[in-house]
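Peer 1: Given the sequences, and given the hints that come with them, work out the whole structure.
Those protein sequence lines, which keep their order, are chains P and H.
Per the numbering used here, the first sequence starts with residue 1, numbered consecutively.
Per the numbering used here, the second sequence starts with residue 1, numbered consecutively.
Every clue listed holds true.
Cross-link-like lysine to aspartate or glutamate pairs, in silico, DMTMM-like; alpha carbons within 20 Å at most: (1) P:537 with P:548; (2) P:366 with P:393; (3) P:623 with H:124; (4) P:254 with H:15.
Which chain H residues face chain P? A few, computed with CB under 7 Å, are given here: (5) 34; (6) 40; (7) 46; (8) 74; (9) 95; (10) 96; (11) 99.
Rather than coming from a laboratory, the hints here were simulated on the basis of the structure.
Computed from a prediction, not measured in an experiment: that's the story for all the values here.
Just so it is clear, CB atoms sit at the ideal spot from N, CA and C, and this is done for glycine as well.
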Amino acid sequence: MSTPSPILARRDFLRVTAVAGGGMLLGTMVDFAGIGVVNAMEPAGEFMPNAFIRISGAGVITILAKNPEIGQGIRTMLPMLVAEELDVAWQQVIVEQAMSDEAKYGSQFAGGSMATPTNWEPLRRAGAAGRQMLVAVAAASWNVPVGECTTEAGVVHHESSRRRATYGELASRAATMTPPALDAVKLKDPKDFRIIGKSIPGVDNLKIVTGKPLFGIDVTVPGMLYAIFEKSPVFGARVASANVDEVRGLPGVKQAFVVEGTTNLSGLMPGVAILADSWWAARSARRQLRVTWEQHPTAQQSSAGFRARAKEFFAAAPQTVARQDGDVVTAFAAAAKVVEAEYEYPFLAHAPLEPQNCTASFANGKLEIWAPTQAPQGGRQLVAQTLGIKPEDIAIHMMRCGGGFGRRLLNDYMVEAAWIARQAGVPVKLVWSREDDTQHDFYRPAGFHKLKGAVDANGRITAWENHFATFGDGQRFAQAASISPNEFPISFIPNALFGVSQMPLGVPTGFLRAPTSNAIAFVYQSFIDELALAAGKDPVQFRLDLLDQGGIVAATPAAPASPVNAARMKGVLELVAEKSEWGKRKFPRGSGVGVGMHFSHRGYFAEVVEVNVSQRGEVKIVKVWVAGDVGSHIINPSGAMAQVQGSVLDGIAQAMKQEITIDGGRSVQTSLADYELLRITEVPPVEVHFRTTEFPPTGMGEPALPPVIPALASAIFMATGKRIRSLPLARHDLSWS
Amino acid sequence: MKITFSVNGTNRTIDVPADMPLLWILRDTLDLKGTKFGCGQALCGACTVHINGSATRSCQVPASALNGRKVVTIEGLSAQASHPLQQAWQELDVPQCGYCQAGQIMQAADLLSSNPQPTDEDIDAAMYGNLCRCASYHRIRAGIHRAAELAASSRASTQQDADSTQGVA
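Peer 2: Rendered as structure tokens:
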């Protein structure tokens, strides 16, 4: 029945998943080849069964944290998996951040909520391999069967002979063994887990609360200069002239020069570098910097212009039909009710609190980099390509990131620091200002949708049409500006059409937490509510009925990345309805509830929002209920709860007040004064429930975000009768009488 | 200009531009990296320190205003992370990315010093200007309540010790 028309959308989809997921959606679930097995004998006396474990003769147990930490808790959670199967007590473990080295550690990437599904099995196997070797050594030395030995908290026991040996005592002998094949080692029965499922606080917490240097911006390298890099506010414009001679004479300034840059919006853009003996000196000198920028065609672009172009698109047929099922024309003609609506959402910034920064040192053809990055390997490739050096001549230290949210998947600041350091001939610490960060983000692309839906006399959706106006050059979508033609609910509706029209964009765009989903969930879930209203059905029941329409192959434990598993989605929807007492409470005018659900990043989430809206139109969110299904285990409940609550509040901030406006080819917003973050006074209670299912556990960084936005919009509709078809809410007059 | 002021109990004399903010003096001149740069405009609170006992945005205080002042940063809040807020922050696993937390803790420490048992409303009023991009606000609020508890029980046991000492005497 479904015939995806791949040409346009599929190509970008592949490109996007390759960036955001390391090819996971295309590849296999568990890639043992990605786990490097190092020589167990080096250095002498230390037991290193693989790249992730080091046990010294003195019994020091070190576990390597392979992935970048951006606040998602991965530096704690991934070592928990190793420690569980190694069978050590968490208190015994020292966690050490790995360098960027994918040959050794496998994929090192913070994006797409991929770390949990891709490491769940391999890292437990890495731990189990270590345990198996230590047990084998103990059993051999005691001359007892391996099967009679048990382990606990870093000690091998032989119960009947009452013998015991610590891992440290066994380390040097274990180091002489050949590690077993990882796919052959035996894993624990989950009922025996001692660490997985326990709330483990973040491994860096002590350093954080005592102010120890930890983040990228805290790096100091001997002899370094502090750099500022000024770029054109009109994206991509080249330097026509700059008073660098004058700037060089200012207090503290050591060097100032023009960087020609490239035309790669995700790479090294043109600009002017100022290097000084302190960041403040560089920042002060910048006030005297006068740059004339060349004219650039992007200066013609604006948010208002994009909106006008979308309207023109909507007056005609889409440029491309990416998916077509059944016969929408006949279905609309036969429908009991037809609903049409246009939706739009704005560009968004990531606004991590730690501004972009990177420290780089270039000597003898080799580059050493300290970067807060979500994608070190991508940074390595970009730097190698731009500077014309070999990827293997670049060493990258992955520093803790003061927030990521997808911003640091792109390494523009890394290539800037590398280029400036090589040209300057000294180590350089580049730190952006907040204004640089706001004006040179990779924004979540705006988008425009013209929707048409039909319900029959039984209140069933019979047709669905979406004309998506987005950005691209006609061949390729702008970065992160595509949406899968297969997004729910299209697969569940017999007659459906997904059309796309593209307009050119010179604004850099990228992946924002729950990319695509943070936009499309608002549009599709809101429109489903409009159809429920037309059908005269309760929004929860309407969704349950829609999920029952089926018509697709459900995801299975063996293929969890398949399209929506209706049973899992219904499971969380029913759970959130139960917990929020959906349909059982009465709401006076000015208050109400709304529901949203979304499947993304392999996770199923349904959320209910309750609001009060004053007659003057002020919105107060009373409470949010969340039900999530991310599989069989919540590995670290403390971290999981933080991610879910944080994602929900992130979605609320976007919905309430965030917007980047493009005018004259630049961002109108320049700081946290006009791009506001959520405050403590705006935070409602967020009640979270997990439904465990037999599927392997999946990531928590993103999937809880998307449903809260349409749930909030629907609650406002119930409270005020005003349908929210564009974001943010701050644009709308929500007053009522 | 040459200025002398106290940082975490030690007198420091430095020669820096008169308009150089305390934030950058701490981070780059004195190599105290715990105080964080978020915005440079007093919009986020990441750079909060105590000056003469009051929570202050260090990005807004120039060197010229520092002579003779007593500055306490996150590094000097306590010995061995013993401040109740530092204890509570670890116990409740408050940080996500952690970047704002030094500022949050310094702001909250000022609140607790004047208001040892704050209500949610007191906390909201005091913490309004401290942004957390990860929105760990539920735990920041819970952490302040927990710290208030820890401080109260520590005061109670100190009082008990004092009473029992008196009794022996």
